[in-house]
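Visitor: Next come the chains, spelled out residue by residue.
2 protein chains.
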Amino acid sequence: MSNQSIKIFKGNIVFTKTKNEFTILENGYIVIKDDKIEEVSSSIPEKYKDINVIDHGNKLIIPGFVDTHLHAPQFPNRGLGLDKELLPWLETYTFPEEAKYSDLNYAKKVYKRLISELWKNGVTRSCIFNTIHKESTKLLLDMFIKSGLGAFVGKVNMDRNSSSDLTENTQQSLKDTEEILREYIDKSDIVKPIVTPRFVPSCTPELMKGLGELAKKYNAHVQSHLSENPSEVAWVKELHPEFDTYGSVYDHFGLFGQQPTVMAHCVHSDDNEISLMKKNGVFVSHCPHSNYNLSSGIAPVRKFLNQGVKVSLGSDISGGHTASSLHCMVAAVQASKMRWIDSEGELDSLTTSEAFYLATKGGGEFFGKVGSFEKEYDFDALIIDDRNLGELDITIKERIQRFIYIGDDRNILERYVTGKKIEEPKFD
Amino acid sequence: MSNQSIKIFKGNIVFTKTKNEFTILENGYIVIKDDKIEEVSSSIPEKYKDINVIDHGNKLIIPGFVDTHLHAPQFPNRGLGLDKELLPWLETYTFPEEAKYSDLNYAKKVYKRLISELWKNGVTRSCIFNTIHKESTKLLLDMFIKSGLGAFVGKVNMDRNSSSDLTENTQQSLKDTEEILREYIDKSDIVKPIVTPRFVPSCTPELMKGLGELAKKYNAHVQSHLSENPSEVAWVKELHPEFDTYGSVYDHFGLFGQQPTVMAHCVHSDDNEISLMKKNGVFVSHCPHSNYNLSSGIAPVRKFLNQGVKVSLGSDISGGHTASSLHCMVAAVQASKMRWIDSEGELDSLTTSEAFYLATKGGGEFFGKVGSFEKEYDFDALIIDDRNLGELDITIKERIQRFIYIGDDRNILERYVTGKKIEEPKFD
Chain A
0 MSNQSIKIFK GNIVFTKTKN EFTILENGYI VIKDDKIEEV SSSIPEKYKD
50 INVIDHGNKL IIPGFVDTHL HAPQFPNRGL GLDKELLPWL ETYTFPEEAK
100 YSDLNYAKKV YKRLISELWK NGVTRSCIFN TIHKESTKLL LDMFIKSGLG
150 AFVGKVNMDR NSSSDLTENT QQSLKDTEEI LREYIDKSDI VKPIVTPRFV
200 PSCTPELMKG LGELAKKYNA HVQSHLSENP SEVAWVKELH PEFDTYGSVY
250 DHFGLFGQQP TVMAHCVHSD DNEISLMKKN GVFVSHCPHS NYNLSSGIAP
300 VRKFLNQGVK VSLGSDISGG HTASSLHCMV AAVQASKMRW IDSEGELDSL
350 TTSEAFYLAT KGGGEFFGKV GSFEKEYDFD ALIIDDRNLG ELDITIKERI
400 QRFIYIGDDR NILERYVTGK KIEEPKFD
Chain B
0 MSNQSIKIFK GNIVFTKTKN EFTILENGYI VIKDDKIEEV SSSIPEKYKD
50 INVIDHGNKL IIPGFVDTHL HAPQFPNRGL GLDKELLPWL ETYTFPEEAK
100 YSDLNYAKKV YKRLISELWK NGVTRSCIFN TIHKESTKLL LDMFIKSGLG
150 AFVGKVNMDR NSSSDLTENT QQSLKDTEEI LREYIDKSDI VKPIVTPRFV
200 PSCTPELMKG LGELAKKYNA HVQSHLSENP SEVAWVKELH PEFDTYGSVY
250 DHFGLFGQQP TVMAHCVHSD DNEISLMKKN GVFVSHCPHS NYNLSSGIAP
300 VRKFLNQGVK VSLGSDISGG HTASSLHCMV AAVQASKMRW IDSEGELDSL
350 TTSEAFYLAT KGGGEFFGKV GSFEKEYDFD ALIIDDRNLG ELDITIKERI
400 QRFIYIGDDR NILERYVTGK KIEEPKFD
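Quick note, the sequences are listed as chains A and B, same order. If you're matching positions, the first sequence starts at 0 in numbering that gives the first Met the number 0 and goes up one per residue. If you're matching positions, the second sequence starts at 0 in numbering that gives the first Met the number 0 and goes up one per residue.
Calculated directly from the structure, the hints in this document are not laboratory data. Bear in mind the structure is a predicted one, so any value in this text is a computation, not a measurement. Heads up, a few of these hints could be off.
With a straight-line Cα cutoff of 20 Å, these simulated DMTMM-like cross-link-like pairs (lysine to aspartate or glutamate) come out [said to hold, decoys possible]: (1) B:Lys119 x A:Asp385; (2) B:Lys420 x B:Asp34; (3) B:Lys174 x B:Asp185; (4) A:Lys107 x B:Asp392; (5) A:Lys108 x B:Asp385; (6) B:Lys108 x A:Asp392; (7) A:Lys396 x B:Glu237; (8) A:Lys396 x B:Asp82; (9) B:Lys111 x A:Asp392; (10) A:Lys32 x A:Glu375; (11) B:Lys107 x B:Asp385.
Using the sequences and the accompanying hints, generate a full structural model.
Guide: Given below as structure tokens:
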């Protein structure tokens with residue numbers, strides 16, 4: 000074994016192997032070999048005694064955050080127009096903004112700011128919707144590769160029920176998607192294209208069928224929206240009365256777990272849809288801020304967890320206003336408490352460790368062995384200095400809870416992705 | 000008229016004279032005379048043409064934020080223990096911390112950090128619960144006076160159903176309260192003692208009666224908690240079956256609007272209680288983050304507003320985790336959207352201007368002519384630099400919305416209280 004490929008970090012190590020509790024190693028060690036976790040232990044293993052330890056003292060070392068749902072072109076709209084529900088908000092704010100991304104100069108300006116914001120907030124992996132535009136999607140893929148952050152980036156597909164400047168020709172949409180998949184699927188280990196039908200109402204059956212085939216052909220991941228809003232669910236039922244649930248439409252076209260798939264929202268998923276998600280291993284991207292802001296409701300996260308459905312967290316910029324995974328964790332816990340009340344105590348609220356799990360390992364699983372400090376996991380990590388949040392003579396578990404609730408990007412000192420320290424992204 | 004006492008500020012002026020809309024003066028002028036607003040106008044009035052204008056360029060000028068409910072001694076507990084409901088949370092986290100404030104050195108260390116946090120977040124006026132301790136309450140009053148920020152600070156009264164180290168002797172409790180009122184009621188124009196029965200379950204009728212009399216004698220304001228949690232409401236009903244509502248108990252003892260009164264939470268106030276609040280002019284301090292965190296529920300803010308009850312915003316540190324009025328505004332809007340769903344569309348959600356109103360003029364009214372830029376109002380203001388939030392070529396209304404949703408303390412450049420610029424508080 001060459002010791003050259005080994006790094007050892009020391010500090011207060013916190014992660015969630017399971018959602019039920021924090022695993023905490025006070026003054027513990029993480030041994031990283033070839034950019035992956037080799038082991039985590041309370042004392043330094045004898046065989047590594049000659050290796051220089053990078054000592055982070057009393058700081059916290061936690062997994063990087065994973066954001067499984069956000070829209071790059073909506074970044075400039077954060078905090079705007081949130082007096083509307085989903086469908087009118089799309090028409091008024093979202094679609095006009097998305098039409099601008101045929102202009103690569105404009106796109107680049109926005110993407111720079113988006114990637115910096117993700118970096119700042121310690122979001123080391125993310126699942127991104129771009130627009131319909133092929134060239135700007137490639138630009139965003141290239142910019143993520145340059146940044147060192149991990150991401151799945153999808154050219155959006157939509158060929159019906161959209162404004163004229165965003166409605167694609169079906170064959171052209173598939174052709175552009177395939178071109179991106181071919182060029183980028185193997186270009187980077189951590190930045191990849193993802194098949195991205197916008198949502199059922201904006202995709203013809205022919206387009207969904209073609210996208211399902213492309214996902215399979217290129218072994219690509221899939222992302223879309225599901226059961227966000229009652230009007231949207233009713234619209235899908237009207238468009239496809241032949242299917243039992245909204246999710247069944249995607250399923251029919253090979254876009255519901257046939258390849259690894261994440262579905263954003265799932266606020267109004269019924270028991271049949273939840274069963275299908277469980278059966279197919281479909282991930283939920285729970286986006287509580289967006290579901291609040293667009294008056295969509297509160298997703299039954301406890302029900303998903305009880306039934307073994309995989310759940311992750313999404314910011315849903317700009318339905319959600321904040322890229323902060325901390326804010327999303329807090330909102331997830333808070334929303335679950337309102338759901339606990341609504342269910343008259345049937346659906347337990349989320350604990351802090353569960354929210355942390357959703358924001359790390361829960362979403363990380365969509366990327367592979369990501370989001371935890373277990374053997375063979377990619378070393379994606381954040382170094383947290385929480386001295387400004389109060390006294391440090393409380394337990395490490397209390398310190399991580401306090402950081403989640405009252406910390407912000409200023410507490411994140413360093414970010415690592417697959418073992419490499421990521422500096423603030425700079426683009427020309 | 001001496002021009003020496005006149006100051007003129009220029010910038011993009013935003014405030015809410017009424018809750019229904021933002022009043023916006025793009026590149027407008029605020030004329031301040033003797034620390035109060037003289038006028039606000041789009042061009043500089045002729046008679047002031049010789050006065051030097053303090054030009055804030057393209058920045059926003061908004062009223063300072065008003066936080067009508069928070070607990071100073073709970074500041075170190077922010078973000079801790081939020082997996083519990085109100086009553087167990089009080090027992091486990093709150094009361095043990097509050098017992099420490101007989102130690103003035105400990106108290107001072109916490110108060111320094113609290114006042115700095117309020118300053119940082121642009122909270123220019125606040126209503127504060129301290130502990131039962133007389134000396135630490137005086138210390139906190141003195142520290143606020145030194146800081147230049149406005150505050151009502153209350154020595155908490157509790158003489159039943161509390162842990163032994165926090166249960167007061169009734170007469171001593173009244174005596175200590177009177178001593179503080181006598182010494183401080185006229186000491187400062189903007190920092191004053193406030194009568195603060197903790198809540199009905201912890202105050203005997205004798206204590207409440209005495210506090211009502213003291214409030215009247217010293218013409219002092221009153222604050223307490225009301226109808227936060229179903230168990231608490233049931234407990235009050237059990238203690239006082241002779242009263243129609245929880246609020247009626249306070250009312251009976253002269254603590255419900257006989258002097259200006261603010262009641263925190265009011266999540267479970269029924270129609271009778273709401274009518275009494277309206278009749279007596281009692282202010283609600285709506286604390287959405289706390290109500291989420293402690294699983295209390297969502298207050299019927301729209302119902303309060305429809306019925307003409309005065310509503311303000313509270314952080315409720317540390318039931319609420321954040322001192323940011325921006326976060327509280329967003330939570331208020333989001334909570335109202337969930338209440339809109341629960342009421343099947345009967346209770347409209349809050350607009351952004353309504354949330355802003357609650358955080359400025361709504362709470363400011365409790366302090367006098369505070370929280371708006373109207374003639375004779377105290378000039379309490381924040382200068383906002385929002386350049387880092389995105390492009391500035393959107394409307395001023397959109398810029399204020401964006402600041403509310405995605406801004407933070409870093410966007411607050413300057414803070415003014417009654418016309419004076421307030422620097423970051425420094426204590427020995």
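Visitor: If a hint holds in the structure, say so; if it does not, say that too.
Guide: So, going through the hints one by one against the coordinates:
Among the hinted pairs, lysine 119 (chain B) with aspartate 385 (chain A) is consistent with the structure: their alpha-carbon atoms are about 18 Å apart, no more than 20 Å. In summary, the hint linking lysine 420 (chain B) to aspartate 34 (chain B) is supported, as the alpha carbons are separated by about 11 Å, within the 20 Å threshold. Proposed proximity of lysine 174 (chain B) and aspartate 185 (chain B) is supported: the alpha carbons are some 18 Å apart, at most 20 Å. Taking the CA atoms of lysine 107 (chain A) and aspartate 392 (chain B), the gap is near 18 Å; set against the 20 Å cutoff, the hint holds.
Restraint check for lysine 108 (chain A) and aspartate 385 (chain B): satisfied, since their Cα atoms lie roughly 18 Å apart, inside the 20 Å limit. Distance check on the hinted pair: lysine 108 (chain B) and aspartate 392 (chain A) sit about 15 Å apart at the alpha-carbon level, within 20 Å; holds. Using a Cα cut-off of 20 Å, the hinted pair lysine 396 (chain A) and glutamate 237 (chain B) is violated, with the two alpha carbons roughly 38 Å apart. The suggested pairing of lysine 396 (chain A) with aspartate 82 (chain B) holds, with an alpha-carbon distance near 13 Å, which does not exceed 20 Å.
A C-alpha spacing of about 19 Å is found between lysine 111 (chain B) and aspartate 392 (chain A), which places the hinted pair at or below 20 Å, so the restraint holds. Taken as a hint, the lysine 32 (chain A) and glutamate 375 (chain A) pair is honoured in the structure, with Cα atoms around 9 Å apart against an allowance of 20 Å. Between lysine 107 (chain B) and aspartate 385 (chain B) the CA atoms are separated by roughly 34 Å; this puts the pair beyond 20 Å, and the hint is violated.
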